[in-house]
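J.: In case you want the letters, here they are:
Protein chains: 2
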Amino acid sequence: MCAPLVMETVARSLSRRSFLASSLAALAGAALAQAGVSGKAFSRAVDLTHELSPEIPLFPGAEPMRITTLVTVRQNGYYGNRLDLWEHSGTHMDAPAHFVEGAPTAEKLPLSALIAPLAVIHIHEKAAKDPDAQVTVDDILAYERQYGRLPKGAFVAMHSGWESRWRDPKAFLNQDASGTLHFPGFSPEAAAFLVREREIVGIGVDTLSLDFGPSKDFKAHVTVLGAGKYGLENLANLAQVPPSGALLFVGGPKHKGASGGPVRAVAVW
Amino acid sequence: MCAPLVMETVARSLSRRSFLASSLAALAGAALAQAGVSGKAFSRAVDLTHELSPEIPLFPGAEPMRITTLVTVRQNGYYGNRLDLWEHSGTHMDAPAHFVEGAPTAEKLPLSALIAPLAVIHIHEKAAKDPDAQVTVDDILAYERQYGRLPKGAFVAMHSGWESRWRDPKAFLNQDASGTLHFPGFSPEAAAFLVREREIVGIGVDTLSLDFGPSKDFKAHVTVLGAGKYGLENLANLAQVPPSGALLFVGGPKHKGASGGPVRAVAVW
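From first to last, the protein sequence lines stand for chains A and B. Under the numbering used here, residues 1 to 269 are what the first sequence spells out, in order. Under the numbering used here, residues 1 to 269 are what the second sequence spells out, in order.
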């Protein structure tokens, strides 16, 4: 039972909350509109997410996830598991805080950064010849000559074709005799160009790392995360997405203090 | 180095894969179009996801999640955590397999089920007077008289206002002296109506369970999951979403054999 005064206070605080809430929704909406997304129709959807399991490729040194079944329908009437995993497993996000102390953690990123026009830069032809291929500033400029300037708020993904190695972790990591990894990524110059000369929300790759395999200083990471943008690694199915015109939805991690974590990423157009 | 024959085989298998892929994308697209979603514009977005942490309310008997920091920027040059959690924590999905042996696990649900027209049924007024309030068939019919028949492929969410208790787990569970829980949910009859008389993809609640607190047989769960549909529990911010006309994106779990798991759910309209 609530006294009338209590109810009135609740009503007042609810209406204040819904005013705030509606302003926030409009803010996210404004970002979508700015990004040229508002008013857009779509009729196709592709999952950019790999299945997550203990068998997937991981960066050297990371422990595989564990899935422990606690209850089953047969024995308990319902089925459920406990999950134990390193945040940077599978198709996942690197939040700015992954490399920069005090930068935003994944759960704090605004919703408007997680719904973004998706630009896919195809470098699969050069990557087929050179596992150390990188997305260069020239690749970005060539993309823009063909598809127009990267829209404000864009998410820029590299499609290198590396995904075909996903089910073979050894081939996906591609370590040489000295232990150096070899796979494509963004060049530090391209990363700097995107955060300085364009207004992006983040970059993504179909490989294990934003930086190419041999990188020792993770300069593309530092540049992108240092600018408050996020990264997505181990993206799937980018070959199926048009280079321009799709919209990316990132079902990003929402746990407290997330340096990143598995995402569900979907492209619609 | 690849011999020409190998390259040709790769090219052929890639083109077969991309044909298959494009058919699948169109299939998801067709589902969107059927659902009346194709051609739809949107300019607002609201996060339906609570922050996940060791402090959140959990169903009695479930162990809180653990977040263990393994590396920090200061000590290691980068920051990352290990997560250890029960699948049914926070804003999360119940896949059909959670209650039905052999039914689909979360990662197997088609993408078209995760992008759905969102119907929000408001029962916060009766729930404010009765914590054991349920969404009834009459509530659904009253909703349809006002907003039109539930669209094909709809996701139907209950907004009971229970979210205001989220930060107080004791109040969110609302156990009486005998240990019985008290909070709103879907009545078994309403669940049966939705899966038999309408074509829904799933149902969701802003409480701990699809079934209302006192339920002993979880009949709404059994009915919905038994029909191959999914549930979302502990949804946030439903008060901010229009009853009709929004689109739901469910960033659902993609781990192997998922009985469910934390999701990132977003409404756009």
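Among these hints, one or two may not hold up.
It does not matter which identical chain is used: a pair holds within one copy or between any two.
Straight-line C-alpha distance at most 30 Å; calculated DSS-like pairs for lysine-lysine [stated by the list, open to error]:
1) K126 with K256
2) K108 with K256
3) K170 with K256
4) K170 with K108
5) K129 with K108
6) K129 with K256
7) K108 with K219
8) K219 with K152
9) K152 with K170
10) K216 with K170
11) K170 with K126
12) K216 with K108
13) K170 with K219
14) K219 with K256
15) K126 with K108
16) K152 with K129
Everything labelled a hint here was simulated from the structure, so no lab data went into it. Just so you know, these numbers come straight off a predicted model, no measurement behind them.
J.: Now tell me if each hint is right for this structure.
T.: The hints, checked one at a time:
1. K126 with K256: neither (40 Å within a copy, 33 Å between copies)
2. K108 with K256: For K108 and K256, both the intra-copy (9 Å) and inter-copy (27 Å) Cα distances are at most 30 Å.
3. K170 with K256: Answer is between: at 21 Å across copies they meet the 30 Å cutoff, but 33 Å inside does not.
4. K170 with K108: between (35 Å within a copy, 26 Å between copies)
5. K129 with K108: neither (40 Å within a copy, 35 Å between copies)
6. K129 with K256: neither (42 Å within a copy, 33 Å between copies)
7. K108 with K219: This pair counts as within: shortest intra-copy Cα distance 24 Å, inter-copy 37 Å.
8. K219 with K152: For K219 and K152, only the intra-copy Cα distance (23 Å) is at most 30 Å; the inter-copy one is 48 Å.
9. K152 with K170: So K152 and K170 fail the 30 Å test inside a copy (38 Å) and across (45 Å) alike.
10. K216 with K170: Result: close within a single copy only, 20 Å intra versus 49 Å inter.
11. K170 with K126: Result: close within a single copy only, 21 Å intra versus 58 Å inter.
12. K216 with K108: Cα proximity of K216 and K108: one copy only (29 Å, versus 38 Å across).
13. K170 with K219: Cα proximity of K170 and K219: one copy only (24 Å, versus 47 Å across).
14. K219 with K256: within (27 Å within a copy, 33 Å between copies)
15. K126 with K108: neither (37 Å within a copy, 34 Å between copies)
16. K152 with K129: neither (33 Å within a copy, 48 Å between copies)
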